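**Student:** Read off the chains here:
Protein chains: 2
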Amino acid sequence: MKQTTNTFTPASLDDSRITGGFWAEWQRTNREVTIPYVLDKCDETGRTQSLRLEWKQGAAWEPHQFYDSDLAKALEAAAYSLHQHPDPALKARVDSYIELFARAQQPDGYLNTYYSQTGIEKRWTNLRDMHELYCAGHLFEAAVAHFEATGERSLLDVAVRFADHIDERFGPADADSPAGGKKAPGYPGHEEIELALVKLAHATDEQRYARLAKFFVDERGREPHYYRTEADRRGEPVEKRRWEHADLPAPFAYFQAHKPVREQEAAEGHSVRACYLYAGMADVAKETADATLLAACRTLFDNIADRRMYITGGIGSHAHGERFTVDYDLPNEAAYAETCAAISLVFFASRMVNAELDGRYADVMERALYNGVLCGLSRSGDRFFYANPLSYHPTAPLLHHVRSDAERQPWYGCACCPPNIARLLASLPSYVYSTSDDTVAVHLYADSRLELDIDGTRGALVQSTTYPWDGEMTFTCESDGPMTFTLALRIPGWADGYELSTPDSSKAELTRGYLSFRRTWLPGDTVRLSLPMPVRRTHANTAVRDNGWQVALERGPIVYCVEEIDNGAELADLALPADAQLDSTFDAAMLGGCTVVKAAAVRHDSSPRAPLYGGPGDRRSVGLTAVPFALRANRGVGEMRVWIAEV
Amino acid sequence: MKQTTNTFTPASLDDSRITGGFWAEWQRTNREVTIPYVLDKCDETGRTQSLRLEWKQGAAWEPHQFYDSDLAKALEAAAYSLHQHPDPALKARVDSYIELFARAQQPDGYLNTYYSQTGIEKRWTNLRDMHELYCAGHLFEAAVAHFEATGERSLLDVAVRFADHIDERFGPADADSPAGGKKAPGYPGHEEIELALVKLAHATDEQRYARLAKFFVDERGREPHYYRTEADRRGEPVEKRRWEHADLPAPFAYFQAHKPVREQEAAEGHSVRACYLYAGMADVAKETADATLLAACRTLFDNIADRRMYITGGIGSHAHGERFTVDYDLPNEAAYAETCAAISLVFFASRMVNAELDGRYADVMERALYNGVLCGLSRSGDRFFYANPLSYHPTAPLLHHVRSDAERQPWYGCACCPPNIARLLASLPSYVYSTSDDTVAVHLYADSRLELDIDGTRGALVQSTTYPWDGEMTFTCESDGPMTFTLALRIPGWADGYELSTPDSSKAELTRGYLSFRRTWLPGDTVRLSLPMPVRRTHANTAVRDNGWQVALERGPIVYCVEEIDNGAELADLALPADAQLDSTFDAAMLGGCTVVKAAAVRHDSSPRAPLYGGPGDRRSVGLTAVPFALRANRGVGEMRVWIAEV
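Taken in sequence, the protein lines are chains A and B. The numbering used here numbers the first residue of the first sequence as -14 and each following residue consecutively. The numbering used here numbers the first residue of the second sequence as -14 and each following residue consecutively.
It should be emphasised that the hints constitute simulated quantities derived from the structure, not laboratory data. Note that the structure is predicted; figures quoted are calculated from it, not measured. Be aware that one or more of the hints could be misleading.
Examples of chain A residues toward chain B, derived with CB under 8 Å [what the hints assert, rightly or not]:
1. 292
2. 378
3. 459
4. 519
5. 525
6. 528
7. 598
8. 600
Glycine residues also receive a C-beta, built at the ideal position from the N, C-alpha and C atoms.
Chain A with its partners taken away, still in its complex shape:
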């Protein structure tokens, strides 16, 4: 068996493909609805106009410091889609945006349409707030995706020119540096470019970009503090930012820049920025075999997974600053849990599981993906949640400065989430499998196919399942001849046991959440994995003060919720007896097809004229119907709860 400490490489979209079932349907919706819809919205809202540099004073739209990133993410999504589903019309549309990006690029390689239109002389003067490096990162990711999808360098060349411009400007200031001490310090206020530079380094085989990523990571939070220097240079008080609250643990914690990254022990500040940074740190750690950096990633991951994450994989509980707060502070109704934050956690967790094969990371990745991420998108594919609270009451958002919406919205002024979910869905096959030498790791279960090339023998591993609605997976080897490789199958943390059947009763070993066995596969060999999937009652750590004596229902990777449409209003009064049987049935007619959980529950008799305070009221038996949290609010507005009283 292979040592699982080897690092793994995510399967490319050339090799891995989702072929049916749950995710194939979401990918189809993404391809047919979400991606063109997001591009249309960019066209309608000034983003494309900004890329055309069409802004004039008095226009209906204003250039914005991160408009470029919305289009870049949409192009990245489209590129992944084109990679697996050629579509000449979409490709032509993508090419037209690429032409605009190329035209918008300055002669020196700089590219940011906000500064191009509002005053290029101010560029690079405010790395903390102005998102230039963030937009660059998204452009690099789009360029790499486009290059890998098409083999064309049209966007990659733009990216390379911009990356070279950045690399010439930022870097070690010491005289021994390649630029002879001429480079400037600095690092982005919104991280993202770090992981993008590593992608660009791989796509172009140019290690300078990875070194620049490492520079941005290493510089972060060092003294003298760059954001102070920079603010001084602008003649601004450093405390100008309204979300730099006294309750953040230290100045610049909002930006994860309160201390050098290797000294950071808790996930702080804006949660999307945080996990983009941590993902970039994991990339740099892998690239440079930096154990201290990987250890920092591990510490930060543990802090999130053990203390700062909703059961949905949502992170960043606090709307004000879109940020982490303190350990175990996970209010349900007030939860922010931005869709992008759950996506960023998928990025981080995926990198960690590929850095050190451990189901702990994949468990979090799967949790976020099926719940906190997917909740962001309507079944129809064209409506989006930004915040994903775990409890919703119609009076809550209006009255208590909770930022949750009653329904998924057509668009947001800050539209980071819609293209982000589109690019994740389109690239999902890369999260299903990863490989290391001749080991294939299976992180997610889905009808899918992974092309293999083992020592020159070509074949494919075909996975067949109706996961997440049941836990029966079949893996078949398609090849022209025998192939010897190790298969590492993730046994989810939620699974209470498993059954594996192989043609030859291969001896399998369960190590850190992965069941591995090495065998010689003959064409048509089939391996079956069965994960029992009862409905589970999950309880929160007693330190989570919003979840006392409440229970959440989970089945497989799916977190459930109760909605008013199925259970009536006043959901706080709906309680699940501790001994109630939990039944689950796949209901093809419910929400496009999903497994529904039902149980006998209790409520109190109530009426509008019941006293405000009095006796407990008589209990009555009622039915409880729970549906996947991610599918909530697809049937109108109403109350919703993930955590239910348990009596």
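On the provided structure of chain A, position chain B as indicated by the hints.
**Tutor:** For chain B alone, kept in the frame of chain A given last:
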């Protein structure tokens, strides 16, 4: 038996006096600590300086539009105290402030030190925001209290001059009015003057002031809207006020001016303003025998008591705007429940019970008094809560824009609560008894003495009890000869039965919460009332989404809470079994002496390393100790909960 529909008059401080026990101790603290402390603070914080008109540009303090009211309320408290506890030093101090008020008065009777120092030409241009009429009201209340305490007219004359000034300026604009159509419309943005004018009318026997009160009440919310007219006149957009949110039911609802008061059916907007207005409406209704106005009061009271009031009698759940929200929206941790709001509810409820003897009103008055009001003051008498949440966790106020403090504070920039609680405590005997012809109504139980004069026979009713720690009350008649009168004893809504014993087995009738019997009392006659006082489990209406499957403990009028100091942290995990016995013992050493509730409860085993999400954990038996909510946070900072999980 007397018809209880007669209106009652609160006992004066000449006649009613608290002689011992629970409230006597709080009155002593108020007299010895709180009143002088509040005056000292007024001296230290610019309030007294403002009254001296000492402000100059660059001073350490700024004149403020309601500074005058803080001093007026403090003087009112001092006057009540002097009424029953002569204190030459305090009287001299009071006289010195009165001299300042007199000196600060303009020749035309106007008195507001904010405008006197910042530009008198702007007076009366912004009734909505600038608190001139509110400050006037508090001055009138202080003046009446001082006149009744001392018989001196020094402050009353100032009040009368100011009231005359206001009466000359504001009133019906029609030509038939006494001023021949020359008066201006308008009414205060912060109500208070209405009830004060009725007091002033009584003290001076001048019905003009009551008519002016009626004018302010009747004008409110009429179209064309005065606040629009006034804003237009100032050249300001009417929507300037930041707390005029879209989620208020209508423009000007913050000020209870969204429609004429007789059409208002729900308590809206700033809760202190609301109940000051409603109290004033009840006063005007009584003064003018206005049944429609009284009916409006009844409707508004019911809306509060049945749908918008915390179990503590706290009202105004929302910190932003210090206001009512919607029915059953009563979050515990985020509760604002300002001390002044509970005080204003006492004012309103007291007037309603005197308008139509009904225990429903007195129940609310008692609930607010013992819980939501008293929580505002430390046992030491010199620390104050402004907000009184029903659940406190150390991370809550810092992180979630909850305005609660960890500990009672020495003072507030907006210092309305400290003098407000002082004046209520000092005038408490007027809330214990009221009379109507020869009926004596007893609303509150306390060691006390009420002087009587029935058809020329003088005597006293002496009440002896250790209430609220037990429910045994003895009423003894002290007189020189027989006295025939009806005694109406409140049977609290919380009491499950009662026992009455009279020397002659008088036939008593229980009508709307009052047990009335008419008899001829001989000197020394004693009547005993016994109210059983077990610990009660109280549940909230199922529509209150924060209290699902939780229980509050009450005993007599006291609402209990659990505190971290007695029960450990993670109070959300502390649960009371539905069948647990609840024991209560008076503990002389606890919090200066109080009845403590103890029960066997359960918790889960927990440790900092327990998983964030997992199984329920083992239950363990623990002891639960609950103390009166009003006495919380007198032993350091820690978690607190009123509503406890019930399993």
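**Student:** Compare the structure with each hint and give your call.
**Tutor:** Against the structure, the hints come out as follows:
1. 292: holds, 6 Å
2. 378: OK, holds: residue 378/A within 8 Å of chain B, min 5 Å.
3. 459: With Cβ-Cβ at 30 Å, over 8 Å, it is violated.
4. 519: Since the shortest Cβ distance to chain B is 14 Å, the answer is violated.
5. 525: holds, 6 Å
6. 528: Because about 6 Å separates residue 528/A from the closest Cβ in chain B, which is inside the 8 Å limit, the hint holds.
7. 598: holds, 5 Å
8. 600: With a closest approach of 6 Å, the residue 600/A hint holds.
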